[in-house]
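**Student:** Chains as they are written, first to last, in this note's numbering: chain H, 1 to 316; chain Y, 1001 to 1300; chain B, 2001 to 2240.
Careful: at least some of the hints might be erroneous.
Unchecked claim - Partner residues aside, some chain H positions facing chain B, computed with beta carbon under 7 Å: (1) Ala-185; (2) Glu-190; (3) Ala-192; (4) Glu-232; (5) Leu-235.
The hints are simulated quantities; they were obtained by calculation from the structure and are not laboratory data.
We put the CB at the ideal spot given by N, CA and C, even for glycine.
For reference, the chains in residue letters:
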Amino acid sequence: MSGDVRLRREFIATALLLVLLALVPLVTRDVYWLGVLVVSAYFAILASSWNLLAGFTGQFSLAPAAFAMIGAYGAALSAAYYNVPPIVGLIIGTGVAGLIGLVLGRIVMRLRGPYLALTTLSFAEIARLVASNSINITRGDLGLPLEPWFNDRVIWFYVFFGALTFVICGLYLLLRSKAGLFLEAIRDDEIAAARSGVRIVFWKTAAFAISSAAAGFAGALYAYFASLVTPELGLVQQTGLVVSMTVIGGMGSLIGPVVGAFLVYVTSEWLRDVGGWQLVIFAALVIMFARLFRTGLWGLVTTALAPRRRAAGRPA
Amino acid sequence: MLTGALAADLAVNGLVTGLFYGLMAIGLALIFGVLRIVNFAHGEFYMVGAYAYTIVAARLGVPLVLALPTAFLFGAALGWVVERTLMRPLYANIGSWGLMRDEYAVIVTFALSLLLVNFVDKAIGPYAFRAPALISASRVVVGPALMSGQKVAAALVTLAVLALIAFFLRFSYWGRAVRAVSQNRLGASLAGIDATAVSSLVFSLAGGLAALAGALLSPIINASPDVGAFPAIKSYVIVVLGGMGSIPGAFIASLLLGIVESFGAVLVSYQYRDTFGLILLILFLLFRPQGLFGERGREV
Amino acid sequence: MSPLLSVQGVTKRFGGLVAVADVSFDIAPGELVGLIGPNGSGKTTLLNIMSGHLSGDQGRILLDGEPCSGLKPQGLARRGLMRMFQLTRIFPRMNVLDNLLVGGRALGLAADEAKTRANALLEELQIAHVGHLDAGQLSGGQMKLLEFGCCFMRTPRLALLDEPFAAIHPTMKEIMSRFIRARHAEGQTFVLVSHDMPVIVELCPRSICMNAGRVLSDGATSQVLAAPAVIEAYLGGAAA
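Use the sequences and the hints to build the structure in full.
**Tutor:** Below, the structure written as structure tokens:
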């Protein structure tokens, strides 16, 4: 099966999932559960953007939460000091995260595997420490308050679903174009990709910048939703959640991170009532998936649905 | 301003801190040398050691002479289990694994860290545990510096253990085997060295050392679920500075980092003291991936 | 005719070892040149310098009369220099068709054009039946054929093939050599590194023999193989 067909099928499945979830407000207008879905959508954007980097380009960054935090501070600081309207704050947050991602991506170009993981982890910690210690500017751990953009949960719900749909469509268009081919080629073998004439520096940096911008976009949007920005957004544990969601859902597929984000976050809210062991369970699940089913839930589903045709093959 | 007395005090304190860093970092370097991965759950071995010591000594009343080795054994056992269950695929079939290897190692150790922190948080509780003191003297004069008795006692044990480890790696059969596998896994196994056993050994040793560090420091920094995060980050910095996988490099870098931090906090900025090491880490990986002493070729 | 590729006094040292020592030769458009020599004679190092994977210490290389010594592999690929590696390099997690498309799209073919071309190549190399599989699932020989195909997604100005026939089934060797012969007849330029003397004799009108980093002999293949220095290098080295 061609990569095109695979990608289109994943896109259709994602679209169906999003349509189904978008119907939730018709069933319930419960503020708490709509809030849970909003946060899930936030994580779905983060996980999808990280997946572009880790799953499609092979750059295993440990900084997605840091870029979300940078985006959130971009919006909150410009609102606090220059009083910009939310839509401008959103653009600033996205842009700042994208620019920093561009620079970082260019700098870490040559690093791979554990080296890249360590470098991006350090970058994330530095960003968080700076945000938390620059008290005169960011108010440190107290956080920066923001005027809420909307007050109605249902509106917020649709705003986040709109944002997620936008990101997914963007990723689909990107991956369907020749960029998708080049990124996967770079992931599989950089030297072979260069031999074939792929501009390695350009595409790797572009992937880093796009992924960071998308994470920053999610962070900025979340800042207006939560109406408070704290350095906690950039905690390594948040990155841990993003990685967990992607691995459980299925790394390297368009739909995997979305499924993973909703499944993990909604279940964890639900499990919160039964003792709060959710993080232990998810961490164990991640290890199990990484060890036994590297293609995640989506991989399991595709194998189960097409056992004969793919008998000789590895699942999607 | 920096007076002679203050400088001496900072230097001694920095060196002692560096010794503790060494206990953590050497295990990480050993693992990287043999398995070519960074163990992102290294801090959790430290945490487990701190709890093991505290619970065994304080709750069960086991004498300290036995409680410290118990913590080591606990960490070593955990390391062994982790290696057996999770690290085997890294080298079980080198050929077909190839591509996903690095990602797998990061994901699994990262998730293991998450698992252990949250497990302890749920099973034991999020609050800090008070550990029994190693010795009763609260203040000891070390040369020009006045130090907490706990720190001095812990430093002495650390020195002894580090000497033992150095001796072991240098002269014993298994020590040579570890070095051989670090240099060339395939070559070593062709020469009849059981590379799989070496991997188990290294992971156990690293887990034990980190746990011992946690135990030794628990009277000063009480055990809590996230107590390992901080020493873990320090040991990443050290391993990079020392040249990924180099044991002597890691040891010297530990002492250096201890001293640099001790002076930097006073002379440069206390607020941003934790960022110095991280900035160094990034700069080294980018411009000098072979570390301070350049023992190895480029790995990047 | 002006040479397509001109290697002028190229030298490369690794520490004390001189891997390539003052090597010079020209390759005219349409030539099929065999590059031979015992193991460790510097063939692959020279190829690495030609394809931009290594930089030489001295000397220069001209492609179409323009110096190209500083260019990276992807830059050279864009100028029409294609390299096949000795150790197979493909994209194992992408399917066979996509493996081919990468090169086509990177070098400017439109999507449809690239697909047509890739399918034609798959047919010609007789691996169309595995086109839908991930490349990592292929047999070693099929991978070689795939990498070989990757070099011809856009007709290269010059194809550098490093041991394409090593350790593969005779049928696949036949597919490749037929392909090379056909393209050579159409005017395609090749440099072929191989230890397989019968194939060199059969395919290459001209050969260059290297030993210890130097060019021992350069000329018609039959003459090169008959040259005393070449025989000495092979027999002396192999002690056969």
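**Student:** Can you name, in rising order, the numbers of the hints this structure does not satisfy?
**Tutor:** Structure breaks hints 2, 4 and 5.
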